[in-house]
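As they're listed, the protein sequences go chains W and C.
Count the first sequence with the numbering used here and you get residues 1 to 334, in order.
Count the second sequence with the numbering used here and you get residues 1001 to 1447, in order.
Hints were generated in silico from the structure; no laboratory data involved.
Honestly, I wouldn't trust all of these hints.
[To be verified] Straight-line distance between alpha carbons at most 25 Å, and here's what the computed PhoX-like set of lysine-lysine pairs gives:
#1 W:180 <-> C:1239
#2 W:3 <-> W:243
#3 C:1237 <-> C:1260
#4 W:64 <-> W:50
#5 W:64 <-> W:110
#6 C:1330 <-> W:234
#7 W:283 <-> C:1252
#8 C:1239 <-> C:1252
#9 W:50 <-> W:110
#10 W:182 <-> W:50
#11 W:180 <-> W:3
#12 W:254 <-> C:1237
#13 C:1260 <-> W:182
#14 C:1374 <-> W:240
#15 C:1330 <-> W:180
#16 W:3 <-> W:64
#17 W:283 <-> C:1330
#18 W:290 <-> W:254
#19 W:64 <-> C:1260
#20 W:243 <-> W:254
#21 W:182 <-> W:254
#22 W:243 <-> C:1330
#23 W:240 <-> W:180
#24 W:254 <-> W:234
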Amino acid sequence: MEKASHLSVIVDLSPTQWHLSAQASNQYPLSIETFLSQLLAFLNAHIASKHENTLVVFGALPGKSVMLYSSTELLTDDMPPLDANSYLPFKLVDSTVVRKIMDELDAIGKLEEEPPCALVGAVTKALCYINRITHHSSTTTGVAEDPTTLHDPRILILSVSPDLSSSYIPIMNAIFSAQKLKVTIDVCKVYGPDTVFLQQAAHLTDGSYIYLERRDALLQNLIMSFLSPPFIRKILAVPKQDKIDFRAACFCHKNIVDVGFVCSVCLSIFCQPLPVCSTCRTKFPINTLKRLNAARPAITPANSRMGVPLANLNNAATPRSTSTPVPNGMSNLR
Amino acid sequence: MAPRNQDGNFMDVDSDSDISLLGDVEHRGKGKGKGKATDKRKKDKGKAKAKEQAYTWEASYTRSWDTVQEDEAGSLQGAVEDLMARGRRRRLLAPAAAIRRTIIRHLVLLLDLSAAMMDRDMRPTRFDLMLQYAREFVVEWFDQNPLGQIGVVGMRAGIGERIGEMSGNPQDVLKYLSDRSRLEPTGEPSLQNAIEMARSSMSHLPTHSSREILIIFGSLTTCDPGNIHDTLDACVKNKIRISVVALAAEMKICRNLCDKTGGQFGVAMNEGHFKDILFELVPPPAQRAVARTGGPGASNPAADLMMMGFPTRLPDSSPPSLCACHSDMKSEGFLCPRCMAKVCDVPTDCDICGLMIVSSPHLARSYHHLFPVKPYEAVRSMDGISEPVTACHACARVFSITASTAVASEGVSPWGRYRCPDCHNDFCAECDVFVHDVIHCCPGCGK
């Protein structure tokens, strides 16, 4: 017997990225309006596939994250006017999500510089919510049902922003707690370059990472790949990602590196040999530094794997990175 | 880590707060209308108080639900909150400053397989309980120390017996511990033989990794071929840290082993306490200050900077090619970022260019030790806040409007609100525990 499943959807609502995505110079331009109408159809499909299915929608906005819709909570007071031609739960989802997104986008106002999207906040909130409902069901439904399989929780991240390397540690922490809760994280990359961290998230939690090539086929991709709950996917051939990039962000300059220097005491990653570990204040032997400096790979463009370096497009906007000076040695890295 | 075993009260609550919490809540549902049990319970409680911290063979039959107390209304809410509060307070006690911890760990698990382990003072027997807890310990240990390695040595019939080689794979170690019949206890234990065996298996290790021996000891005797103090001195010289969990009673030599090498010593009072003192050894030990007494100018010989590469994983669907390590034709594998050679598994050293290849999630698993979430402050009064938020910032659970009337102990908010000192968002008690124990990242500030 098929069980009810829980789905948390995290929508990346970065205004800049959506503006870029809608430009006609793209091969398949996708504006946020078209995206939302297709997303709402997908959300409705999830609700329709089983009556007990639960749904939560989070939005990752610049600098903050908000809950846009929850099937267990009423977020707005005003009910949409009854319409004989529409199914009420669908109407409720559609109007709540659209209204909340409009409110939040209006509230952003004019900013000189757009802070990076709070994707981590949205993921951790989704995890807290899942923790709450699984915990809740275990206390009320009694012993017969196993609380962990009851909701079969999963998170779907619809991402448009590039990797935010300053959030490397929090996002990894979130991934590990998702692993502990047995939550599957699916990622659909709607626009922009591949994100290393979300690839790792999908890989580590047994989800699928899909880079949307034909962006006019968004809805089809969503329904074919992400509508089925994880236990049905074992039967279906759901597309998985091909290569997984296990690169990490260094602690010193927040660069994403493939060869790093690691402190043996605290495992902090640095992009160049340092005399003192900035995290645990360990001093490293001088011979090691000399040896490593000599052995450092002379990085040629052919060596950087992605062709286009996954430099932090967003990082330029974070005040943090501007305060840390990039030494000259780094310039030949890029 | 502070030796907690002196504080008796602490220990009792310590017995794995999650599990006991879940248990309590279930009892709340089931125990309704079981008024009969109450008077008996009171009698028991008096008895338990008379001899606090009784050893398990001295105690009468106890029920786990005796440890929680109902309030006047018959609700267990107070007891549950009290347990949570204690957990919170323990977190507050922990030092906020970054302490240095060794993360690449090597541990030899020394199991006592002498006849003394067949004692039934811990149910079902000391031996079975030890095996069960050892398996749980291994799982938890690898979860928190993914780069560590564990070897297993047994003490049986007067000799040390190698049960499993050092391995970084939890499945291997669990396999060593799974075969009960192969580990059947017999004869006398020999501490010296077993420690010597563990010591020799760790002598080749690099200096930046920690060397530890964990002894689970049920016997009160040891039969050694030589002077065990020589072995102890050798361990001190090799910087091997010995921790002992004794199941019977304290022995002078065990205490000495731990004190001299900087390990922890504990005597298990009962089953729950056994698990607690065992699991206290899971988090990586703070590095001893001794290692860096050479003054500010001297470099720490134990620390080193290592060059590591983070590979790309190829899927099963990629075109097959030969791997560099076994020359096998296969599709999946990892690409060395420096020389692009294909290796079968990580962590490893690249066979072509010698670069250490690790998967970055392995490293990242330990980062929450380095950057813990700041403890949340309990919101004590709602005065001065004109428009309080109505729901938990993380899980959107609606806060209660009235303050709870229960006697507010330290660290518990009567409003059920806990506030992050950085982003000033309010969280419910459940999310507070979840954020600090599992996620290690505040949903409000994203750090």
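Evaluated hints:
1. W:180 <-> C:1239: violated (34 Å)
2. W:3 <-> W:243: violated (32 Å)
3. C:1237 <-> C:1260: Distance ~11 Å between residue 1237 of chain C and residue 1260 of chain C Cα, so the pair holds.
4. W:64 <-> W:50: violated (32 Å)
5. W:64 <-> W:110: holds (16 Å)
6. C:1330 <-> W:234: Roughly 23 Å between the alpha carbons, so the hint for residue 1330 of chain C and residue 234 of chain W holds.
7. W:283 <-> C:1252: violated (38 Å)
8. C:1239 <-> C:1252: holds (21 Å)
9. W:50 <-> W:110: violated (42 Å)
10. W:182 <-> W:50: Status holds; Cα separation ~21 Å.
11. W:180 <-> W:3: Given that 25 Å is the threshold and the Cα spacing comes to 21 Å, the pair holds.
12. W:254 <-> C:1237: violated (40 Å)
13. C:1260 <-> W:182: Between residue 1260 of chain C and residue 182 of chain W the Cα gap is close to 42 Å, so the pair fails against 25 Å, i.e. violated.
14. C:1374 <-> W:240: violated (37 Å)
15. C:1330 <-> W:180: violated (31 Å)
16. W:3 <-> W:64: violated (33 Å)
17. W:283 <-> C:1330: violated (43 Å)
18. W:290 <-> W:254: Holds. Residue 290 of chain W to residue 254 of chain W sits at ~23 Å (cutoff 25 Å).
19. W:64 <-> C:1260: violated (52 Å)
20. W:243 <-> W:254: holds (23 Å)
21. W:182 <-> W:254: Since the Cα atoms of residue 182 of chain W and residue 254 of chain W sit roughly 29 Å apart, the hinted pair is violated (cutoff 25 Å).
22. W:243 <-> C:1330: holds (15 Å)
23. W:240 <-> W:180: holds (22 Å)
24. W:254 <-> W:234: violated (37 Å)
Of the numbered hints given earlier, the model fails hints 1, 2, 4, 7, 9, 12, 13, 14, 15, 16, 17, 19, 21 and 24; all others are met.
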